[in-house]
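*Asks:* Sequence:
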Amino acid sequence: GGLYAAHEPLVWAVRRMSIDFALPARVEEALRVRTIVLELKGARMRLEQRVSRGAEQLVNAAVEVCVITLDGRPRRVPDAVRKKLESFLQS
190 GGLYAAHEPL
200 VWAVRRMSID
210 FALPARVEEA
220 LRVRTIVLEL
230 KGARMRLEQR
240 VSRGAEQLVN
250 AAVEVCVITL
260 DGRPRRVPDA
270 VRKKLESFLQ
280 S
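Start counting the sequence shown at 190; every next residue gets the next number (the numbering used here).
For the record, the hints were derived by calculation from the structure and aren't laboratory data.
Source: prediction; values computed, not measured.
Every residue gets a Cβ at the ideal spot worked out from N, C-alpha and C, and that includes glycine.
Possibly wrong hints are sitting among the right ones.
Restraint-style ranges between C-beta atoms, simulated for each label pair [stated by the list, open to error]:
{"hint": "1", "residue 1": "ALA214", "residue 2": "GLN279", "range": "20 to 26 Å"}
{"hint": "2", "residue 1": "ARG221", "residue 2": "PRO198", "range": "20 to 26 Å"}
{"hint": "3", "residue 1": "ARG242", "residue 2": "LYS272", "range": "29 to 35 Å"}
{"hint": "4", "residue 1": "ALA244", "residue 2": "VAL200", "range": "34 to 40 Å"}
{"hint": "5", "residue 1": "LEU227", "residue 2": "ARG265", "range": "17 to 23 Å"}
{"hint": "6", "residue 1": "LYS272", "residue 2": "GLU197", "range": "14 to 20 Å"}
{"hint": "7", "residue 1": "THR224", "residue 2": "ASP268", "range": "35 to 41 Å"}
{"hint": "8", "residue 1": "LEU220", "residue 2": "ARG265", "range": "19 to 25 Å"}
{"hint": "9", "residue 1": "PRO267", "residue 2": "GLN246", "range": "29 to 35 Å"}
{"hint": "10", "residue 1": "ARG215", "residue 2": "PHE277", "range": "27 to 33 Å"}
{"hint": "11", "residue 1": "ALA244", "residue 2": "ARG204", "range": "17 to 23 Å"}
Using 20 Å as the maximum straight-line C-alpha spacing, the simulated DMTMM-like pairs for lysine to aspartate or glutamate come out as follows [as the list claims (entries may be wrong)]:
{"hint": "12", "residue 1": "LYS272", "residue 2": "GLU253"}
{"hint": "13", "residue 1": "LYS273", "residue 2": "GLU253"}
{"hint": "14", "residue 1": "LYS273", "residue 2": "GLU217"}
{"hint": "15", "residue 1": "LYS272", "residue 2": "GLU197"}
{"hint": "16", "residue 1": "LYS273", "residue 2": "GLU218"}
{"hint": "17", "residue 1": "LYS272", "residue 2": "GLU245"}
{"hint": "18", "residue 1": "LYS230", "residue 2": "GLU275"}
{"hint": "19", "residue 1": "LYS273", "residue 2": "GLU237"}
{"hint": "20", "residue 1": "LYS230", "residue 2": "GLU253"}
Based on the provided sequences and hints, a complete structural model is requested.
*Replies:* Have a look at this one:
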C-alpha cells in the first residue's frame, strides 16, 4: 500500500539502516520488535528498532526512511500521516 497526497501515489523507502546483531534467534521463538520514532522532519523519519527475546536484547537498528513518489522524487510526509506518527514521537 502507499500514501496518497493530492492524488499522487507515495511510498516509504529505506534511505539508511545500521544494524547490530548481538544474539541469534531461532525461527520458532517468539520475539518482540519495538519501533521508536525519533524524528519526523520534511520527507524523512528516523526510527530505532529493537528486537528482544524476554529480557535479552538481540538486535538494535537505526533506520532512516523517506517518502518518495513512484519515480523516486522526495515528498514531504503528508499531513494526515504526520499527525498520526507524531503521537509516537519520543523526545
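*Asks:* Work down the list of hints and note, for each, if the structure agrees.
*Replies:* Tested hints:
1. ALA214 with GLN279: 20 to 26 Å: holds, 25 Å
2. ARG221 with PRO198: 20 to 26 Å: Given about 33 Å between the Cβ atoms, the range is violated.
3. ARG242 with LYS272: 29 to 35 Å: holds, 34 Å
4. ALA244 with VAL200: 34 to 40 Å: holds, 36 Å
5. LEU227 with ARG265: 17 to 23 Å: Once the Cβ atoms are compared, 18 Å apart, the range 17 to 23 Å for ARG265 and LEU227 holds.
6. LYS272 with GLU197: 14 to 20 Å: holds, 19 Å
7. THR224 with ASP268: 35 to 41 Å: Between THR224 and ASP268, where Cβ atoms are some 21 Å apart, the hint is violated.
8. LEU220 with ARG265: 19 to 25 Å: violated, 34 Å
9. PRO267 with GLN246: 29 to 35 Å: holds, 34 Å
10. ARG215 with PHE277: 27 to 33 Å: holds, 30 Å
11. ALA244 with ARG204: 17 to 23 Å: violated, 32 Å
12. LYS272 with GLU253: holds, 18 Å
13. LYS273 with GLU253: Distance ~18 Å between LYS273 and GLU253 Cα, so the pair holds.
14. LYS273 with GLU217: violated, 33 Å
15. LYS272 with GLU197: holds, 19 Å
16. LYS273 with GLU218: violated, 31 Å
17. LYS272 with GLU245: violated, 33 Å
18. LYS230 with GLU275: holds, 10 Å
19. LYS273 with GLU237: Holds. LYS273 to GLU237 sits at ~18 Å (cutoff 20 Å).
20. LYS230 with GLU253: At roughly 11 Å apart (the allowed maximum being 20 Å), GLU253 and LYS230 satisfy the hint.
The structure is inconsistent with the numbered hints 2, 7, 8, 11, 14, 16, 17, although it conforms to all the rest.
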